[in-house]
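Which chain is which? The protein sequence lines are A and B, in order.
Taking my numbering, the leading residue of the first sequence gets 1, the next gets one more, and so forth.
Taking my numbering, the leading residue of the second sequence gets 1, the next gets one more, and so forth.
Keep in mind the hints are simulated off the structure, nothing from the lab.
Among these hints, one or two may not hold up.
Derived lysine-lysine pairs resembling BS3-like cross-links, with alpha carbons at most 27 Å apart [stated by the list, open to error]:
{"hint": "1", "chain 1": "B", "residue 1": "113", "chain 2": "A", "residue 2": "82"}
{"hint": "2", "chain 1": "A", "residue 1": "6", "chain 2": "B", "residue 2": "172"}
{"hint": "3", "chain 1": "B", "residue 1": "113", "chain 2": "A", "residue 2": "90"}
{"hint": "4", "chain 1": "B", "residue 1": "113", "chain 2": "A", "residue 2": "59"}
{"hint": "5", "chain 1": "B", "residue 1": "102", "chain 2": "B", "residue 2": "133"}
{"hint": "6", "chain 1": "A", "residue 1": "59", "chain 2": "B", "residue 2": "165"}
{"hint": "7", "chain 1": "B", "residue 1": "146", "chain 2": "A", "residue 2": "6"}
{"hint": "8", "chain 1": "A", "residue 1": "6", "chain 2": "A", "residue 2": "130"}
{"hint": "9", "chain 1": "B", "residue 1": "5", "chain 2": "A", "residue 2": "82"}
{"hint": "10", "chain 1": "B", "residue 1": "25", "chain 2": "A", "residue 2": "87"}
{"hint": "11", "chain 1": "A", "residue 1": "90", "chain 2": "B", "residue 2": "12"}
{"hint": "12", "chain 1": "A", "residue 1": "204", "chain 2": "B", "residue 2": "25"}
{"hint": "13", "chain 1": "B", "residue 1": "159", "chain 2": "A", "residue 2": "82"}
{"hint": "14", "chain 1": "B", "residue 1": "159", "chain 2": "A", "residue 2": "59"}
{"hint": "15", "chain 1": "B", "residue 1": "159", "chain 2": "A", "residue 2": "6"}
{"hint": "16", "chain 1": "B", "residue 1": "146", "chain 2": "A", "residue 2": "90"}
{"hint": "17", "chain 1": "A", "residue 1": "87", "chain 2": "B", "residue 2": "12"}
{"hint": "18", "chain 1": "A", "residue 1": "234", "chain 2": "B", "residue 2": "146"}
{"hint": "19", "chain 1": "A", "residue 1": "82", "chain 2": "B", "residue 2": "12"}
{"hint": "20", "chain 1": "B", "residue 1": "172", "chain 2": "A", "residue 2": "82"}
{"hint": "21", "chain 1": "B", "residue 1": "164", "chain 2": "A", "residue 2": "90"}
{"hint": "22", "chain 1": "A", "residue 1": "234", "chain 2": "B", "residue 2": "172"}
{"hint": "23", "chain 1": "A", "residue 1": "59", "chain 2": "B", "residue 2": "164"}
{"hint": "24", "chain 1": "A", "residue 1": "272", "chain 2": "B", "residue 2": "146"}
{"hint": "25", "chain 1": "A", "residue 1": "6", "chain 2": "B", "residue 2": "153"}
{"hint": "26", "chain 1": "B", "residue 1": "164", "chain 2": "A", "residue 2": "87"}
{"hint": "27", "chain 1": "B", "residue 1": "5", "chain 2": "B", "residue 2": "57"}
{"hint": "28", "chain 1": "A", "residue 1": "82", "chain 2": "B", "residue 2": "164"}
{"hint": "29", "chain 1": "A", "residue 1": "87", "chain 2": "B", "residue 2": "165"}
{"hint": "30", "chain 1": "A", "residue 1": "204", "chain 2": "B", "residue 2": "39"}
{"hint": "31", "chain 1": "B", "residue 1": "172", "chain 2": "A", "residue 2": "87"}
{"hint": "32", "chain 1": "B", "residue 1": "39", "chain 2": "A", "residue 2": "90"}
{"hint": "33", "chain 1": "B", "residue 1": "165", "chain 2": "A", "residue 2": "90"}
Bear in mind the structure is a predicted one, so any value in this text is a computation, not a measurement.
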Amino acid sequence: MESTAKSYRLATEYVMSRIGVELVEIEDWNCCGATSAHTLSELMGIALPARSLATAELKEPELDIVTGCASCYARLRLAMHKIRTDKAAKYLIENVIDMPYEARREVYNFLDVLSREDVTEAIKGKIKRKLEGLKVACYYGCLNVRPALITGAPDRENPQSMDAIIALTGAETVDWAFKTECCGAAHQNDAASVTRDLSWRILKNAQLSGAEVIVTACPMCNLNLEMRQDGYRKNTGRSSIPVFSVSELLAVAMGASARHIALDAHHVPAAKALAAALRRSEGGVAI
Amino acid sequence: MTNEKLDSLLAKAGVRQYDCYQCGKCTGGCPMARAMDLKPRGVMRCAQIGSLERILKSNTIWLCTGCHTCVERCPHDVDLPALMEEARYLASDMGYERRDSKVLNEVFIANLKMFGRNHEMLLAGLYNMIAFKPLQDMSSVPHMLKHGLIEIKPHETQKSESIKKMIERAEKLSSVRS
Chain A
1 MESTAKSYRL ATEYVMSRIG VELVEIEDWN CCGATSAHTL SELMGIALPA
51 RSLATAELKE PELDIVTGCA SCYARLRLAM HKIRTDKAAK YLIENVIDMP
101 YEARREVYNF LDVLSREDVT EAIKGKIKRK LEGLKVACYY GCLNVRPALI
151 TGAPDRENPQ SMDAIIALTG AETVDWAFKT ECCGAAHQND AASVTRDLSW
201 RILKNAQLSG AEVIVTACPM CNLNLEMRQD GYRKNTGRSS IPVFSVSELL
251 AVAMGASARH IALDAHHVPA AKALAAALRR SEGGVAI
Chain B
1 MTNEKLDSLL AKAGVRQYDC YQCGKCTGGC PMARAMDLKP RGVMRCAQIG
51 SLERILKSNT IWLCTGCHTC VERCPHDVDL PALMEEARYL ASDMGYERRD
101 SKVLNEVFIA NLKMFGRNHE MLLAGLYNMI AFKPLQDMSS VPHMLKHGLI
151 EIKPHETQKS ESIKKMIERA EKLSSVRS
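Just need the whole structure built from these sequences, with the hints factored in.
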């Protein structure tokens, strides 16, 4: 969130401050290791996220954990689950991280937080302008919903939580087939030629379903879907499609300007689609 | 190759090979199947007929993204991603690691040992150099530098030394496992 997901971070901070939610960064957090650490060793793949969670438990014992990344979510949640259900693993992990960790608090993804009734109500109250008629494909990705045992997500094939959040902005979400289809971000470096095709299928299905933009809840999905659209245009002859994080659409509807959330940092020109939707809305306003 | 190794791998993964009745839903839903030299259903078939070597030498275990679509749709809840993970550990121990995966994972962990966090530019840069793919994704670099999406200076944890030690402890314990 500090680097390639700049717009996502700025928009998330904007939305949360508007609704009066304070986010506290885990002190001296470390990388969760996805996807390499657990490919090399099961223990390393759990110890890395467990260290961040144990630090949070020590420094902020009253706070739950939230992450905006699907991969981090899967790893953090697995570490929490392992500590709660496997005593032998807990002993081993605590030894490796050299800290106690009881997994007292919950790990949520950002969509869980936005879907809470009180948060949704607060967002509703802060919407200043509508993205009327903007056709949005909500892309949840794999690990925000799967594996069911770890995430507890109620619907892994056709989830609805992001659709409900986006509807608050006045945008219209489309029904499409690839909501939870894997974009291949895990292998974007080491099997690039294969994974390009994965993200392109997702972009194409969104466009064929009538979407003008795609919205994600993960910086890895967002980057992977957005950064390599040059190849998409060349290989499919189709036009590009902007990809936003869920926070960005909320922030714009709450009144954030393009500069507030660094819309110009997108790899695919992004402001235009939102500006058109704002113009369509009653009392047309500029972004 | 003895079946003891296969039995132990399946036990660690929590997979009973005869739970699979070869319906093929795993392969049908797998986003990477087209690039795999042994499809997910084939992996289960190999487990049933005792052909561990074919599983360990396949590119399949390295191309699996861990998206969990297969187990989500499996009528018998066969945990293929867990099997893939255990197969990767065993394949690495036996020297069958896929080269590009090995390069990426080593660069990734070296990065964490240095900074405790990932330095995206260093990760991609080092990977491209060692894997002989100098131009991969490089066309996006000017845009990312201009907009501050990547930085030359890494974001380091305050206790990167303790994270390095922690990773080394995990590596040591993992190698004596099994």
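Hint by hint, here is what the structure shows:
1. Restraint check for residue 113 of chain B and residue 82 of chain A: the C-alpha separation of about 24 Å stays at or below 27 Å, so the hint holds.
2. Distance check on the hinted pair: residue 6 of chain A and residue 172 of chain B sit about 36 Å apart at the alpha-carbon level, beyond 27 Å; violated.
3. For the hint pairing residue 113 of chain B with residue 90 of chain A, the CA-to-CA distance comes to about 23 Å; that is within 27 Å, so the pair holds.
4. Among the hinted pairs, residue 113 of chain B with residue 59 of chain A is consistent with the structure: their alpha-carbon atoms are about 23 Å apart, no more than 27 Å.
5. A C-alpha spacing of about 15 Å is found between residue 102 of chain B and residue 133 of chain B, which places the hinted pair at or below 27 Å, so the restraint holds.
6. Among the hinted pairs, residue 59 of chain A with residue 165 of chain B is consistent with the structure: their alpha-carbon atoms are about 22 Å apart, no more than 27 Å.
7. Between residue 146 of chain B and residue 6 of chain A the CA atoms are separated by roughly 12 Å; this keeps the pair inside 27 Å, and the hint holds.
8. For the hint pairing residue 6 of chain A with residue 130 of chain A, the CA-to-CA distance comes to about 24 Å; that is within 27 Å, so the pair holds.
9. For the hint linking residue 5 of chain B to residue 82 of chain A, the alpha-carbon distance of about 25 Å falls within 27 Å, and the restraint holds.
10. Simply put, residue 25 of chain B and residue 87 of chain A have alpha-carbon atoms about 35 Å apart, too far for the 27 Å limit, and the pair is violated.
11. For the hint pairing residue 90 of chain A with residue 12 of chain B, the CA-to-CA distance comes to about 17 Å; that is within 27 Å, so the pair holds.
12. Restraint check for residue 204 of chain A and residue 25 of chain B: satisfied, since their Cα atoms lie roughly 23 Å apart, inside the 27 Å limit.
13. The suggested pairing of residue 159 of chain B with residue 82 of chain A holds, with an alpha-carbon distance near 25 Å, which does not exceed 27 Å.
14. Proposed proximity of residue 159 of chain B and residue 59 of chain A is supported: the alpha carbons are some 15 Å apart, at most 27 Å.
15. As the CA atoms of residue 159 of chain B and residue 6 of chain A are separated by approximately 25 Å, the hinted pair is consistent with the 27 Å bound.
16. Among the hinted pairs, residue 146 of chain B with residue 90 of chain A is inconsistent with the structure: their alpha-carbon atoms are about 44 Å apart, more than 27 Å.
17. About 17 Å separates the Cα atoms of residue 87 of chain A and residue 12 of chain B, which keeps this hinted pair within 27 Å; it holds.
18. A distance of roughly 24 Å separates the Cα atoms of residue 234 of chain A and residue 146 of chain B; the hinted pair therefore holds under the 27 Å criterion.
19. Of the pairs offered as hints, the one joining residue 82 of chain A and residue 12 of chain B holds, with about 15 Å between alpha carbons and a cut-off of 27 Å not exceeded.
20. About 20 Å separates the Cα atoms of residue 172 of chain B and residue 82 of chain A, which keeps this hinted pair within 27 Å; it holds.
21. Note on residue 164 of chain B and residue 90 of chain A: the hinted pairing holds, with a Cα-Cα distance of about 20 Å set against a maximum of 27 Å.
22. The suggested pairing of residue 234 of chain A with residue 172 of chain B is violated, with an alpha-carbon distance near 47 Å, which exceeds 27 Å.
23. For a cut-off of 27 Å, the pair hint linking residue 59 of chain A to residue 164 of chain B stands: about 22 Å separates their Cα positions.
24. Taken as a hint, the residue 272 of chain A and residue 146 of chain B pair is honoured in the structure, with Cα atoms around 20 Å apart against an allowance of 27 Å.
25. Proximity of residue 6 of chain A to residue 153 of chain B is assessed by CA-CA distance (about 16 Å); at most 27 Å being required, the pair is judged to hold.
26. Only pairs whose Cα atoms come within 27 Å are accepted, and residue 164 of chain B paired with residue 87 of chain A is accepted, the gap being roughly 25 Å.
27. A hinted pair counts as satisfied when its Cα atoms are at most 27 Å apart, and residue 5 of chain B with residue 57 of chain B qualifies at roughly 15 Å.
28. A C-alpha spacing of about 23 Å is found between residue 82 of chain A and residue 164 of chain B, which places the hinted pair at or below 27 Å, so the restraint holds.
29. In summary, the hint linking residue 87 of chain A to residue 165 of chain B is supported, as the alpha carbons are separated by about 23 Å, within the 27 Å threshold.
30. For the proposed pair residue 204 of chain A and residue 39 of chain B, the alpha carbon gap of about 25 Å is at most 27 Å, so the pair holds.
31. For the suggested pair residue 172 of chain B and residue 87 of chain A, the alpha carbons sit about 20 Å apart, so the restraint of at most 27 Å is met.
32. Simply put, residue 39 of chain B and residue 90 of chain A have alpha-carbon atoms about 35 Å apart, too far for the 27 Å limit, and the pair is violated.
33. Pair hint residue 165 of chain B plus residue 90 of chain A holds up; C-alpha atoms about 19 Å apart against a cutoff of 27 Å.
Checked against the numbered hints above, the structure violates hints 2, 10, 16, 22, 32; every other hint is satisfied.
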